[in-house]
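With these hints in hand, go ahead and build the complete structure from the sequences.
Residue-level listing of the chains:
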Amino acid sequence: KAGVTQTPRYLIKTRGQQVTLSCSPISGHRSVSWYQQTPGQGLQFLFEYFSETQRNKGNFPGRFSGRQFSNSRSEMNVSTLELGDSALYLCASSPGTGVETQYFGPGTRLLVL
Amino acid sequence: AQSVSQHNHHVILSEAASLELGCNYSYGGTVNLFWYVQYPGQHLQLLLKYFSGDPLVKGIKGFEAEFIKSKFSFNLRKPSVQWSDTAEYFCAVNADSGYALNFGKGTSLLVTP
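Chains U and Y, in that order, give the protein sequences. So for the first sequence, the working numbering puts the first residue at 364; every next one is plus one. So for the second sequence, the working numbering puts the first residue at 485; every next one is plus one.
Note that these hints are calculated values from the structure, not bench results. By construction, the Cβ of each residue, glycine as well, lies at the ideal position given by its N, Cα and C atoms. Misleading hints may appear alongside valid ones.
Here are some of the chain U residues that sit facing chain Y, going by a computed Cβ distance under 7 Å [claimed, not checked]:
(1) Phe408
(2) Glu411
(3) Phe423
(4) Ser449
(5) Pro458
(6) Leu473
As structure tokens, this is what we get:
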């Protein structure tokens with residue numbers, strides 16, 4: 364099976380702009396989770412979607428939002444970018460039906476100037 | 485607050501040395517435990533996991549971990565490291581069958597020839 368794919372792999376934006384990141388889960392997986400990885404804070408949970416519904420949300424401001432489509436692909440949006448949003452954004456997928464292993468994609472590296 | 489602590493932030497070992505990386509968590513309920521590894525330039529990969537049963541779990545590449553409930557610990561071990569084990573290691577906890585993984589800050593392991 365193909366793994367989790369994320370696009371784009373790299374992005375450079377300026378403060379105040381918005382950005383949309385995309386994640387395609389492993390075929391058959393219906394749960395998609397998003398994480399932010401920074402050197403200072405490590406890996407932090409953003410939110411999780413299952414069957415187009417957000418089931419869980421981390422402690423991030425409302426500028427961070429997401430959605431999931433009927434084919435389980437997910438997008439994450441960050442509006443009004445700040446310098447501190449520079450990070451590696453990771454997507455993970457799992458079947459979504461219970462306690463399971465999450466499989467991670469390669470990430471999108473976002474640099475905000 | 486719920487947290488995951490990895491006490492060793494940077495570890496340097498010579499090849500063939502034994503490895504033990506500490507992980508402690510502060511959840512009181514049911515937990516599921518993971519160790520992930522991030523090799524240089526690669527995405528996060530699962531090393532091993534504990535959901536229930538035998539508290540000593542074996543993973544890929546000769547790694548093992550022991551869940552000690554009374555100590556809220558899930559330490560990672562390998563009897564003899566190789567240069568190819570150079571990577572960043574993350575302990576993660578999924579609490580009360582929720583959908584978020586809470587990660588420790590990671591341990592950077594450098595194995596010297």
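How the hints compare with the structure:
no. : hint   : result
1   : Phe408 : holds, 4 Å
2   : Glu411 : holds, 4 Å
3   : Phe423 : violated, 12 Å
4   : Ser449 : violated, 18 Å
5   : Pro458 : violated, 12 Å
6   : Leu473 : violated, 16 Å
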